[in-house]
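Student: Residue numbers (the working numbering), protein chains in the order written: chain A, 18 to 154; chain B, 146 to 306.
Keep in mind the hints are simulated off the structure, nothing from the lab. Quick reminder that beta carbons are idealized off the backbone N, C-alpha and C, glycines included. Treat the hints with care, as some may be off.
To be verified - Computed spacing ranges between beta-carbons, pair by pair: (1) B/159 to A/72: 45 to 51 Å; (2) B/234 to A/76: 19 to 25 Å; (3) A/113 to B/281: 29 to 35 Å; (4) B/234 to A/21: 25 to 31 Å; (5) B/171 to A/143: 34 to 40 Å; (6) B/304 to A/29: 39 to 45 Å.
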Amino acid sequence: MGALGYGISIFKRTFIIFVSVSLFVGLLRIWVKPDLIKRLFGKEAGLRGIIMASFIGTLIVGPFYLIFPILEELLSKGARIAAVASIISAWAIKTPWIPYGAAFMGWKFIIFFNIGLFVFSLMEGYIIEGLISKSEK
Amino acid sequence: MMIMGIAYLILGIIWLFFTLLKERKNGKKALNIALTNFLTRLPDIFAIFLLLGIFNQFVPRNIVFRYMGNAKGIWDHLLALFFGSIAAGPPATAYPLGQGLLAKGAAVSVVAVFLAAWVKVGFISIGVEIKSFGKEFVIWRNIVALISCLLIGVLIQLLYF
Numbered sequence: 018m019g020a021l022g023y024g025i026s027i028f029k030r031t032f033i034i035f036v037s038v039s040l041f042v043g044l045l046r047i048w049v050k051p052d053l054i055k056r057l058f059g060k061e062a063g064l065r066g067i068i069m070a071s072f073i074g075t076l077i078v079g080p081f082y083l084i085f086p087i088l089e090e091l092l093s094k095g096a097r098i099a100a101v102a103s104i105i106s107a108w109a110i111k112t113p114w115i116p117y118g119a120a121f122m123g124w125k126f127i128i129f130f131n132i133g134l135f136v137f138s139l140m141e142g143y144i145i146e147g148l149i150s151k152s153e154k
Numbered sequence: 146m147m148i149m150g151i152a153y154l155i156l157g158i159i160w161l162f163f164t165l166l167k168e169r170k171n172g173k174k175a176l177n178i179a180l181t182n183f184l185t186r187l188p189d190i191f192a193i194f195l196l197l198g199i200f201n202q203f204v205p206r207n208i209v210f211r212y213m214g215n216a217k218g219i220w221d222h223l224l225a226l227f228f229g230s231i232a233a234g235p236p237a238t239a240y241p242l243g244q245g246l247l248a249k250g251a252a253v254s255v256v257a258v259f260l261a262a263w264v265k266v267g268f269i270s271i272g273v274e275i276k277s278f279g280k281e282f283v284i285w286r287n288i289v290a291l292i293s294c295l296l297i298g299v300l301i302q303l304l305y306f
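Bound conformation, chain B alone (with noise of 0.2 Å):
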């Protein structure tokens, strides 16, 4: 992760170098931008820091084994809709977490909904979400990926039968 980060911050570098010294005037106005830029979402990244930091801490694993382990019904389905959405990280924790919750016993469909959510559907990031594109638009990308993600468990649970 820290290595995508650098990797990033060394090619945006070079670009603004690169920027400078072929048009300078505009060069200069992307350095003002990209400062304006971050001054007004710094409080953004506080934000983001602290939520994912909390919800490392409060949605353990064990939460959603206990939960979702051996899971089948409808119901369940709705539970790994929800602790996907909400869930805090990259798919390095979601896959382990969906063998775990297979090997416990949880329906494909259930898993899939699971890590469906997870991918598609973020919690966390609906702060940025909406800021970059409007309240309107987040509401219906993510209703439209929950019902997406309850289809593709159905669809995952037919491939098994």
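If we strip away everything but chain A, and leave its shape as in the complex, we get (with noise of 0.2 Å):
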């Protein structure tokens, strides 16, 4: 049946990243230092981490159950709660998509709408890091 195939190619997909995400999950717990970390992503970059932080997100390409797993290895490595947060709001905007998108919508939207993405990705980075630390008082 139709559902059947599309169920198992669904679960080969996710099963053949999910192997490449417990991978990367090894191997960047090895390789990666926590200086180069906080260095690019940690408090002491400043707005300078964050803008990165955002423009990397836009790059990523992957379902959630890939970037997440990353992320939390940055996060544990010592990249500061803003800038994960802004990597994850960029992450929305799937920079290889935006021709797709435009061909639909109309390139003024497109363009528009990921501009917006883009720089509320900065700021929520702040604003989820600032209520995250307010509520912790």
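These two chains come separately, so use the hints to put the complex back together.
Tutor: What follows is the structure, encoded as structure tokens:
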């Protein structure tokens, strides 16, 4: 049946990516030094770190079960919450899909839509970090 | 989609190979971590697989169209927020849907909110998100994201005046 075939193809896809996730988590744990992460995405990176985080967010391609575990690794190595939040927010942009989106929604919509997403991703990092630290008091 | 998966897998395997050659001990450690991670998260992947399948079956386009064709009011924006959040699928599905909604008369702001929520807020992904970042982070991030979606909708609408 069509539904079963569809289910199997989803499973194949998720499984393959899932194996990759586990590999990347293990390899990142070994290779990526906390110093590097702290320098790039820690508090001391300041605004530049957040901008870079958002920029990287626009570039990453993959489903959430790939992206989230990798970001979790970054967080554990010293990335600040604002950076991770900005990456997730900017990940909404999905750059390779922009031309596709433009085909359906028009370039005017797509360009401003994604500019909006990007600008908001910068702000959201700080806002979320602030909200979390406020509620921890 | 499969191509991406295979590409990542090849990348991972090559990287692992390289690691085992250059840093034998660390390479084995990486493999160990990978295996533990894999087994720990295996239940998740079945859950995701189930959810994706279910949502794809039971939230068909018809429902979205019926509720949101010709959508203009505040309530419609909230509906758009809701449907975008629970959507399970790649942008490949979202954009044609957006165009269809526009064609049926939905306001640009409503479609913008819908698409923004689709990419920003994840109902399906929330389980994995909480496992990775903790409940507090996830709650705040999604609340902020929802508000952003509404604001983006407003801003896009201004574009079209």
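Student: So, against the hints stated earlier in the document, which numbers end up violated here?
Tutor: 1 and 4
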